[in-house]
Each structure stands twice: as structure tokens, then as C-alpha cells.
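Here the protein sequences line up with chains A and B, keeping their order.
Heads up: the first sequence is residues 17 to 191, going by the working numbering.
Heads up: the second sequence is residues 124 to 301, going by the working numbering.
Don't read these hints as lab results, they were simulated from the structure.
Backbone N, C-alpha and C fix where the C-beta goes; we use that ideal spot for every residue, glycine too.
Worth double-checking, as some hints may not be accurate.
[What the hints assert, rightly or not] Chain B stretches covered by chain A per the calculated footprint, using a threshold of three residues with CB under 8 Å from any CB of chain A:
#, segment
1, 177 to 187
2, 208 to 217
3, 283 to 289
4, 292 to 300
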Amino acid sequence: MNIIQKSAFYIVPALISISPAICQAEDVSLIVNAKVPNYFFVEAAAGGSLSDPISLDYNAADDTFATGQKKLAFITSNVNNGVKMQLKNNAQLTAPGVARPINLRVRMNNNTTTTDWIAATGEESSFDANQMGWGTSVQGRSADITFEVEAVPGQTHPQEGDYSNSLQLSFVQKS
Amino acid sequence: MKFRPNLLIPLLSLTVLTLPGLSHADTQVTAKTSIPDYLLIRNGNFTSDFSKPLTLNYDPSKNTFSNGSQRFGFISSNQNSYVKFKWASGSELIGDHTKTKIPLALYFHSDQYTALNTRLNKVGDEGSITKQWIQWNQNSRKSPVFTLEVLAKQTNTMARPAEDDYSGTVVMEFSQGL
Numbered sequence: 017m018n019i020i021q022k023s024a025f026y027i028v029p030a031l032i033s034i035s036p037a038i039c040q041a042e043d044v045s046l047i048v049n050a051k052v053p054n055y056f057f058v059e060a061a062a063g064g065s066l067s068d069p070i071s072l073d074y075n076a077a078d079d080t081f082a083t084g085q086k087k088l089a090f091i092t093s094n095v096n097n098g099v100k101m102q103l104k105n106n107a108q109l110t111a112p113g114v115a116r117p118i119n120l121r122v123r124m125n126n127n128t129t130t131t132d133w134i135a136a137t138g139e140e141s142s143f144d145a146n147q148m149g150w151g152t153s154v155q156g157r158s159a160d161i162t163f164e165v166e167a168v169p170g171q172t173h174p175q176e177g178d179y180s181n182s183l184q185l186s187f188v189q190k191s
Numbered sequence: 124m125k126f127r128p129n130l131l132i133p134l135l136s137l138t139v140l141t142l143p144g145l146s147h148a149d150t151q152v153t154a155k156t157s158i159p160d161y162l163l164i165r166n167g168n169f170t171s172d173f174s175k176p177l178t179l180n181y182d183p184s185k186n187t188f189s190n191g192s193q194r195f196g197f198i199s200s201n202q203n204s205y206v207k208f209k210w211a212s213g214s215e216l217i218g219d220h221t222k223t224k225i226p227l228a229l230y231f232h233s234d235q236y237t238a239l240n241t242r243l244n245k246v247g248d249e250g251s252i253t254k255q256w257i258q259w260n261q262n263s264r265k266s267p268v269f270t271l272e273v274l275a276k277q278t279n280t281m282a283r284p285a286e287d288d289y290s291g292t293v294v295m296e297f298s299q300g301l
């Protein structure tokens with residue numbers, strides 16, 4: 017019997033506890049993305065408003081109209097592009113009860129040079145990227161561009177009346 | 124047939140070896156384990172998945188980026204500890220094509236405790252979730268959930284970002300304070 021006890025062995029279930037990894041300090045990496053789309057829009061330069069009317073005052077003594085203007089600024093994500101302006105409707109002023117309209121023409125002025133005058137529907141004029149003054153004041157913004165509108169020369173002695181119209185202008189990026 | 128006693132002993136021994144329950148020998152087994160002091164960093168669901176990118180969307184009409192946010196929870200063996208955090212690296216996003224940079228800032232805060240609103244302005248800046256705020260759950264050993272917000276600094280009205288796909292990796296270091 018003594019021989020039997022000395023030869024016996026036991027399979028003892030082992031209790032295993034796996035401790036969590038020691039983590040006194042750990043780095044966590046976060047992937048951050050941002051997508052900036054292509055954007056382009058026009059706004060009135062500081063102090064102005066796109067909705068304010070532009071007045072072309074008539075001087076009867078000289079039989080001339082003053083040139084109207086509005087300062088614009090263009091905002092874009094792509095400063096490698098210029099800006100093209102297209103006239104979308106008839107550039108003329110009309111008054112109730114007055115048969116003869118006052119024909120207009122428009123252009124852009126960057127304070128150094130001007131685009132060609134345009135007057136007919138669908139006509140275009142443009143500045144190249146290097147004429148826009150991108151980033152002159154702030155990143156992604158053009159220098160102030162003056163939009164000019166005037167009566168086409170040669171329209172003499174207009175009839176009395178309150179003339180008005182809304183000029184539809186399309187500004188697009190010019191690559 | 125002649126009786127051979129030396130053959131009987133090995134046969135008995137074999138029986139005991141295959142059926143140990145038949146014996147009555149006593150033995151003493153000692154089981155032990157050691158739980159170290161640990162701090163685990165988890166997301167808002169208390170898993171370790173931090174692979175989802177944080178996206179900052181740009182709104183040209185407002186010239187603003189949305190914030191990206193990541194929720195954090197912690198698990199610790201030491202209910203007397205608190206958590207320190209440090210902006211380890213990744214201070215900006217870089218455009219894939221233009222290589223222009225959008226600097227970042229971080230903001231660590233708590234839904235529960237408004238007093239915890241630490242802004243990190245540059246890499247190396249640190250903050251902590253004190254014992255007052257960490258509020259370890261005594262049973263689960265978990266903390267409340269906190270939020271890290273990633274902000275694009277270029278959100279003022281004087282700058283416009285170029286069109287591009289920007290990306291970067293912000294690395295936060297968390298450690299245990301005792």
C-alpha cells in the first residue's frame with residue numbers, strides 16, 4: 017500500500033489570472049481630416065452693400081451722366097484663377113412712360129487697369145489671376161475691385177423720369 | 124501455473140495512475156495573482172477603437188470649420204488616482220496638394236463638470252482630470268466620459284483656406300497621477 021501512495025500524482029486545476037497590461041502612460045493617436053471645397057463668391061468691399069443702388073446722376077448743363085461704382089471683393093479657395101464677369105440681361109435704364117431707355121455699359125477696375133466695357137447681354141470681360149490682387153489684404157480674398165457702370169456716351173438730352181433697372185451680372189472663376 | 128508475485132505490483136501501480144480519484148493522498152495548492160496599478164484609455168463606448176477619423180467640415184459662407192470630437196473614458200485599478208493628459212504631437216493639418224497648413228487647437232471638457240474646460244493651444248500643453256472630476260465608479264472602475272474637441276484655429280474672418288484635402292494625426296498622451 018505504501019508503494020501505491022508514493023506513486024500517485026494529481027492533476028491540479030490551475031487558476032490563471034491574466035492581469036491587464038500595465039499602463040501608467042499611453043499615447044492615443046487621433047486621425048483628423050478636413051475637406052475644403054472649391055468656393056468662390058463676391059461680396060461688397062468693407063463698408064458697402066451689394067443691395068445699395070448705384071446712382072448715375074444726370075448733369076443737365078453738361079448733358080452727361082456720372083459714372084456709378086461699387087467696390088467688390090472676391091473670395092475664393094483657388095487664387096490661381098481670375099474672374100470673368102458676364103452681363104446676363106439688357107444693360108439699360110427705363111422709366112415709366114418714357115419710350116427711350118438709357119443704355120448702360122459696365123466694366124471692372126482693379127485700381128491699376130480696367131477691363132473692356134461690356135453692354136450687350138452675354139458679353140464678358142475678365143481679369144486674370146495676377147490682376148486680382150489675391151491675398152493683398154487677407155488670404156483667399158482679392159484686392160478691392162471696382163465695378164463701374166455708366167451711360168453709353170452719345171445719349172443726349174434724356175427725357176425726365178425716374179429710371180431704374182437691376183443689372184444681372186454673373187461672376188465666375190476664370191482658369 | 125507457478126505464482127509470480129513480482130508481476131502483480133506493476134499492474135496495481137498502473138491502475139492508480141490512470142484513476143487518481145481512487146487515492147486519498149492530501150496535497151495543498153497555493154493560487155496567487157498580482158494586479159498591477161493600471162490605467163486604460165478607452166473611447167466613449169469603453170472600447171479601444173480610436174480609428175474613426177475626426178472630420179472638420181469647412182463652411183465657406185461662414186468661413187468656419189466644424190469641430191471634431193473624440194470621447195474618452197478611463198479604467199483604473201487605483202481609485203485614488205487621477206488622469207493627466209498632454210498634447211504630444213500633431214499641431215496642424217496639411218493639405219495634400221497645396222501643402223498649406225491649418226493649425227489646430229484642442230479643448231478637453233466634461234459634459235458633467237463645466238469647470239473642466241481645458242484648452243490646449245500648442246503641442247506640449249498639459250492638463251488634468253482631477254480626482255474631483257474623475258469620479259471613479261467603485262464597482263466598474265470606470266470614469267465618466269470626457270470629450271476632446273479638435274478645432275481648426277483658422278476660423279477668424281481674416282483668413283481663407285485653399286481648396287484641398289487636409290489631414291493630420293493628433294497624439295494625446297494620458298498618464299496616471301497619484
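Against the structure, the hints:
With a cut-off of 8 Å between beta carbons, the segment 177 to 187 of chain B has 7 residues touching chain A; three or more are needed, and the interface restraint holds. Figure legend: the segment 208 to 217 of chain B, annotated as covered by chain A; annotation consistent (3 residues with Cβ-Cβ distances under 8 Å, at least 3 required). Under the rule that three or more residues need a Cβ within less than 8 Å of chain A, the assignment of the segment 283 to 289 of chain B holds, with 7 such residues. Coverage of the segment 292 to 300 of chain B by chain A holds in this model, with 8 residues showing a Cβ closer than 8 Å to a Cβ of that chain against a need of three.
In this structure, none of the earlier numbered hints is contradicted; all agree with it.
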